[in-house]
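Novice: This is what each chain is made of:
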Amino acid sequence: MKKTQIAVLIGLAFGATAAAAQQANGFGYLELGVLATDKSNSEGGKMREYRDLEDGLILNGDYGVFNKNYYFNIQGDNVGRDDQFLGARGGMYDTFKYSLYNNKILHNLTLGAKSPLSGIGSDTVTFSGASPSTNTATWNTFDYRVKRDNWGGAFEWSKNSPWYLRATVDELKTRGTRPLGGAITSPGGPFIELPTPVAYTTSNFSLEGGYTTRTQQYSVNWMQSKFTNSNDFLNWRNPIQADPTLLDRTTTAGQDSDYSKLSLQGVWKQLPMRSALTARAGWSKLTNSFPVNTYFYQDTAPPLFTPTTPNVTTFNGDVRYKNASFTLASQPTKQLDTRVYYNYYDRDNRSTHVIHTVGTTTYESEEAHFTKHNFGVEGGFKVAARHKLSAGIDRTNVKPGARPDFDNVRETRVFAQWKATATDALAARLKYQVLQRRSDFLEGNAGTGPSDDVYIERFMRRFDLAPLNQDQIKLMLDWSPRDYLSLGLEAIFKVNKYKDTTIGRTKDTRDEYYLTGTWTVPDKYSLTLFADFEQVKYESYHRQWVNGNNANVNAAPTSTQFNWNQTIKSKNTAYGGALDVPVNAKLKLRGSLWIEDADGTAEFASQNNFGTPLNIPNWDAYKKTAINLRGIYALDKNWDVTAGLAHEHFSSDDAQLSNYNYTIKTGTNQNFLSGAYAFPNYTANILYLTAKYNFR
Amino acid sequence: MAALAALFAAGPALASDFDTCKQCHADKVADLAKTLHGQQGLKNSPAANVGCQSCHGDASEHVKASGGTKVGLIRMSAKDVAADVKNDKCLSCHTTSRNLAYWEMSKHKVQDVSCGDCHNIHGTDKGARVAGATAFPNSRLLKGPALIPNSDTCFTCHKDKRAQANKPSHHPVVEGKIACADCHNPHGSPTEGMIKADSVNQLCTTCHAEKRGPFVFQHAPVEENCLNCHNPHGTNYNKLLSEKVPNVCQDCHDFSRHPGTLYDGKGAQGGSAPNTRFFARSCMNCHNQIHGSNAAGSSGQFFTR
Chain W
1 MKKTQIAVLI GLAFGATAAA AQQANGFGYL ELGVLATDKS NSEGGKMREY
51 RDLEDGLILN GDYGVFNKNY YFNIQGDNVG RDDQFLGARG GMYDTFKYSL
101 YNNKILHNLT LGAKSPLSGI GSDTVTFSGA SPSTNTATWN TFDYRVKRDN
151 WGGAFEWSKN SPWYLRATVD ELKTRGTRPL GGAITSPGGP FIELPTPVAY
201 TTSNFSLEGG YTTRTQQYSV NWMQSKFTNS NDFLNWRNPI QADPTLLDRT
251 TTAGQDSDYS KLSLQGVWKQ LPMRSALTAR AGWSKLTNSF PVNTYFYQDT
301 APPLFTPTTP NVTTFNGDVR YKNASFTLAS QPTKQLDTRV YYNYYDRDNR
351 STHVIHTVGT TTYESEEAHF TKHNFGVEGG FKVAARHKLS AGIDRTNVKP
401 GARPDFDNVR ETRVFAQWKA TATDALAARL KYQVLQRRSD FLEGNAGTGP
451 SDDVYIERFM RRFDLAPLNQ DQIKLMLDWS PRDYLSLGLE AIFKVNKYKD
501 TTIGRTKDTR DEYYLTGTWT VPDKYSLTLF ADFEQVKYES YHRQWVNGNN
551 ANVNAAPTST QFNWNQTIKS KNTAYGGALD VPVNAKLKLR GSLWIEDADG
601 TAEFASQNNF GTPLNIPNWD AYKKTAINLR GIYALDKNWD VTAGLAHEHF
651 SSDDAQLSNY NYTIKTGTNQ NFLSGAYAFP NYTANILYLT AKYNFR
Chain X
697 MAALAALFAA GPALASDFDT CKQCHADKVA DLAKTLHGQQ GLKNSPAANV
747 GCQSCHGDAS EHVKASGGTK VGLIRMSAKD VAADVKNDKC LSCHTTSRNL
797 AYWEMSKHKV QDVSCGDCHN IHGTDKGARV AGATAFPNSR LLKGPALIPN
847 SDTCFTCHKD KRAQANKPSH HPVVEGKIAC ADCHNPHGSP TEGMIKADSV
897 NQLCTTCHAE KRGPFVFQHA PVEENCLNCH NPHGTNYNKL LSEKVPNVCQ
947 DCHDFSRHPG TLYDGKGAQG GSAPNTRFFA RSCMNCHNQI HGSNAAGSSG
997 QFFTR
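For the record, the sequence lines run as chains W and X. For the first sequence, my numbering assigns the number 1 to the initial residue and increments by one for each residue that follows. For the second sequence, my numbering assigns the number 697 to the initial residue and increments by one for each residue that follows.
Please note that a few of the clues may not be correct.
Claimed, not checked - The calculated EDC-like cross-link candidates involving lysine to aspartate or glutamate, where the alpha carbons are at most 16 Å apart (straight line), are:
| hint | chain 1 | residue 1 | chain 2 | residue 2 |
| --- | --- | --- | --- | --- |
| 1 | W | Lys46 | X | Glu871 |
| 2 | X | Lys907 | W | Asp232 |
| 3 | X | Lys962 | W | Glu603 |
| 4 | X | Lys907 | W | Asp258 |
It is worth saying that the hints were derived from the structure and are not from the lab.
Please take these sequences and the hints and turn them into a complete structure.
Specialist: Right, dumping it as structure tokens:
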């Protein structure tokens, strides 16, 4: 038994006993047991992606105690394990309250990965000899795994008055190893998967003061966040680099940064026409500072490290955000409710503008910034006691500052909805929404002609800002035809058509159906069934062509320069059920079955069938079956024991990971893979036995 | 610990005027006794006021008629009782909560969601959680047992999100390590989706701070909205991507060299022409810093270092 488990066990038991002796009101449970998992068929660790299923003890507990002045609650889940949660909260009613927690999140990305590199886990990974070994039997084995350890707490003081002061603090430590791609030559040459250390720490502190009554609420909040990354670079030896003393250098994802925010909030309730008005404004700033890199690694000598002569020596990141929101919700009559709102958001990027120069070529940073205005009005009208019609219009204007392709993005969304409560047992909602996005295209004259690569931009419309027509229908039904029987249906149909797009995503559709049903016979059984079906389709159009030759999509196709299109389809089905049977006053049986089946394909067509495109039948298909059986036997009013068996099977078929080879050659180039995400299939059996004491 | 016990000495009893209700609704009253609502000693609790009638209204007609589901009381579970009527009962005590500041303009209020749709007002025993088994589906099918709503509660209505949360690439919501309420405020927020931040990116970088930059070379759609490429509720594809790589990249990038190349089945490892831009992590095999890079020159601009 681990130390944490012992400590929590003793604490809970002692606290509960002591509280009981003092006749305070206490409720909760303490559960101790054992867990055993058959992991023999779970090579890549997908089974344990977020779960610590190692054999051993399991300890859970939850205990709350309160009287007329104070309350206190302590909770522990999976205590002592890598996915532990510990929490405590308490306080004195109307005077103060506090909370503390520790949440550990385990993320196993790939277990049993392999690499010819040494130094895994550090910021320098390398190999010995002239080139990495291709004999995987000699490689190092390791796990791609990230652990998050989050501690935090809060304290709030109000002392039985409308005023309050609240302070929160938390720290998130993220440690582990994740995969990173490393291009050996560029562009598009071979690559090596690099185990990259993760050592991030984020510390947050916030202070909020406020005043709250039945009619008004005001608050001021200050927040400060500091992010530190212990590894500014990953140093690695490039396999084409014969000199073992020379290391390539890869920048990690993020530099240390500071974020601070001030926000104000006001709420006014019980205004005329049963109105409530809220206003919120915020100012925040994200900064960092670090030396600008002065060279990049080049795969052909000399020089191996090409100087880029940046215009500055230090990069000062400085992004400022402003936001404001106003919302007025009213109910002028019993039949009518309205909502009017306005939201403003601005990202102002004042970071250093960096220009790297190599020969006559410059590489300039782009400081992404934008301003967004959003406003709308909605209304709902009860046309009869059991029917309500709603409608609304929403408008968003975006000025995307650093985008060379679009400006002045305007989105208009209009919806209408009918909601009916035909009886006390039936509720239905039908909503239709149309969205129209328009934007000013700036690349209509891009490029000097078809031989200029930039010419392709005339035809490209990036889907995030491209003109779009969207239709969406949602239907929801909730029906309880009789006591203890409830049925639910949700159906969603959505179509996005990118109306001006030649190159890029042209259309996508979603059809979704979700059914649930629950039938309970009191004291006999409760049965829940569900069935889901989703069908998603993405369509896109592209052009393959040769550098500096013909970027014109309207040109006659050749074997090396042609247009092609792609349709990606994905069908997802899920169904299952759960049955709870109280066999007698002491024994309850619970069982469930959950099955998922997804089938994805990618279909291609090209002009004159150039490139002889080959469809992909396994553009992610997977099957998952989960069975869970559990028996709970009550020994007396306090003690019960639980025995359970869980069986789970997962199989995936992904064209990008099938026939996996760690040392595959592409042409004459040698690639070095590490198995990242490659082996997700598993069959798992989990057996557990616990004893639980219920404090009553 | 002894001091703690002393602090909680002399616990209260259930309000005596519950006795009438208890004659027919013993289970409800027994459950209520385990919650703050059921404590007579708490001056603001329903128990310290008029008991069940604090929420359900005047019970005299109901009692006179010897019960009956539609006699006299506000039935919190009935669909034909307006949500406003039910919620007004809760708000009569809870309206000063700072967590409810945005309730009046929240989507849930507009859609006539009532407090009891998510909160189990009477309370029940908290369910035990067993490692491993917790993450299995049957517990997720059952309504969340706690007074505080968990993700199961949200999935009752948001069935599409339940389906997404169970897909192979997902945040650990179904494993119970994070909850919907970690990102969303079900009581309302001025931000679309009722999220707990001023923008999607500010929300995501709360936990993924390594992606917040600022970077020397920024990827504009990344800075604008994480949702351009990711679906945080779950997808079939690694990294919560809404499409696979290279598809999600090619929807925006077409140029000479390789962005516009037809990457089809031949590029798989077992295909006739294995292609480093197709198999394994595809574009990410080389463009590994897609959220932003601080490298120099082309390595930074093309997010390869």
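Novice: In ascending order, which of the hints set out earlier in this document are inconsistent with the structure?
Specialist: none
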